[in-house]
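J.: Here's the letter readout for the chains.
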Amino acid sequence: MKKKILLSSILTIVLCLSLIAGSTFALFTSTSQVSIAATAGNVKMTAGIEITKVESVEGDENGTIEDENGFTYSYSYKDEDGTDGYTFINGGTATVTDSVLTMTEVTPGDKITLQVTGKNDSDIAILYRYKIDCAAGEDLMKGLVFTVNSVAVDKYMATYTSPWIDLAKGNDIAPVVITVELPVTAGNVFQNQTTEIRVIVEAIQANAVVEDNVDPVITYFNTAATVADAADLIADPFLPEVSITESIAGAVTIDADLADKTIYANGNDVNLIFTGNLDNVVIDGIVDTLGQGRKINLNAASGNVTITNSTFLSTGSNSNIAFYPGANIDITIDSCTFTGSGKSYAAWSTSAGEIIIKNSTFNTMGSWAILINGTQYGDFVIDNCTFNGCTDGIVKSGIGGAGASGLVEGNFVFTNNTIVQSAGHDNSDAKWFGVSYNGTATVSGNTLDGAAWEPGEAQGIVKK
Amino acid sequence: MFRYKSNKQAFIIAALVILLCLVCLAGATLALFTSDLNDGTIGIVTTTGDVKIDIVDDVTGETLVGKTLEIQSSAERPEIWFEPGATYHTQGFKLENKGDIPVKFSLSVSEDEEIDMTEFHEAFEVWISVDRNDPTVGDPLKNFTGYLDAKTSSETVYYLFIKMKESAGNEFQGKNYTGIGVTVYAVQANAQIKE
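Residue numbers (the numbering used here), protein chains in the order written: chain A, 1107 to 1570; chain B, 55 to 249.
There could be a bad hint or two in this list.
[Claimed, not checked] Within a straight-line C-alpha distance of at most 27 Å, the following computed DSSO-like cross-link-like pairs (lysine-lysine) qualify:
no., chain 1, residue 1, chain 2, residue 2
1, B, K106, B, K158
2, B, K196, B, K217
3, B, K219, A, K1159
4, A, K1150, A, K1261
5, A, K1184, B, K205
6, A, K1159, A, K1275
7, A, K1184, B, K217
8, B, K219, B, K106
9, B, K158, B, K205
10, A, K1225, A, K1275
11, B, K229, B, K205
12, A, K1184, B, K158
[To be verified] Covered by chain A, per the in silico footprint, the following chain B stretches (three or more residues, Cβ under 8 Å):
no., segment
13, 136-150
14, 179-187
Keep in mind the hints are simulated off the structure, nothing from the lab. On a predicted model such as this, the values are computed, not experimentally measured, just so you know. Using N, Cα and C, we set each Cβ at its ideal position, and we do this for glycine too.
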């Protein structure tokens, strides 16, 4: 009997325990309730903008700001009052309404200083950062120049993002001082343009995991690392300078007329094909690592081009390692290095206008070091260059095969050049040059293997 | 008799209740703790001005670009033949600033077609005046600059006076100078104007 009772008791207990494990609301409960009120926090950031001053340039012979015509200016006009709104010198205005700053009739040489303020209206501590970007009208944005907290940002800024910054509840952000300027060098292409720029103050809860950069992150309109980007940016009339940030495989073809454009290759390899007119175009800093044919192609183009601080390779036979200009292009090559192997040459085809080659080096060319396979309509100048191991002639201006001479319509100048361990075409002393000129020839200051050397008609420089 | 250990049971339930609440709270914070983008966005709208200047007929106000300025005869010179010392003036014209900003302007005589401007300047003087009856009043064209407010036409009527220099020799006899243009050059008013 006792045993039986015990069994029952045990069974009973087990059952109860099971029930408790399965459900909290079965037998043997006792409730004791406590109220918990949990309110979720709220992140709220408010921001505003104030104009501090507007400025405009005025002519100043002692000024440090220079326009494209060489006139100098200083920011001597200022409007810091703002009682009746802010006005630039040419009548443009700057006003703030509902957190929108509107500037009208801005002209080159106008600048505004503004202050972005904000407050953590949250219930909690936050991290905040501010961003500047373009909501619409990128063309004018490309012409504007910014400073942020007195630090100048490079030209062509597209976006600016600050690091994350701590901010306690109820506190104000450290004011952000931004200047926006349309520089005096901004050309007519920026007339009658509009841009919408945003300044965004972002906030996030203070314990969030965020990027830990200590410097601002800035992107630019004018940087290219792909064929498509490079072609678009080089053709863009709103970008006087384009920066190639990585070597680009494949040819970049620019089917546009260009004016006043500088392309910085920054030591990267890039193949450029131009089909339009080129008025004051500068190409700087190409480093040819592939050695696969023409690096800069001036097909069917005219105008004037300068190539500087670049290195070219040729690894094949009969390779035109650099240029293929159209008629009447003036070309200047300065501080470049050409290195070849096999029957290679730095070459131009068809014809050209004026050619100036200076401060450059030609290494181990297996054919004519410099070859122009057609008529030159201007002067041909080679100055302060080094020819090292060029064993099949120095300069040929000609049409046709070996020994044929073309015509330099202008003057031929060969001065201050150093020739080392080189030889004439077909190893002939009469064929160091294959040049026929119409104007005058100036040959002086040259050395051959360390000795003074003044080549002339006997070496292939012939008056027409 | 099993005795219910009420304290332990109560604790488990209370603990469960609290745990549930905490779970809900953690889930909610992930959605809440960023700012509303609209609260912190500031817009900057910038519009640039433009420079547009025109040469217009002093009577009709129509543009003279692409047209030829008439050289006008006078009672003293009913026919227009230049000879050393002869002076004529053009029809009157005004300048109109059609742009949004004030401008400075200057004028120059330039080649409109392919003619030898050196030869022209050797034979002729050109100056600008506001009095067509008095050729002695005026400024050499290269020294002349003006100013116009935005969207403003000059009230002043200008005339170009052209005089064949007394020193022009026989080599200029029979020569015909057509295709000479007049260019007005305008810059924003605070810029320095190029010559």
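J.: Please write out, lowest number first, the hints stated earlier that are contradicted by the structure.
T.: 3, 4, 6, 7, 8, 11, 13 and 14
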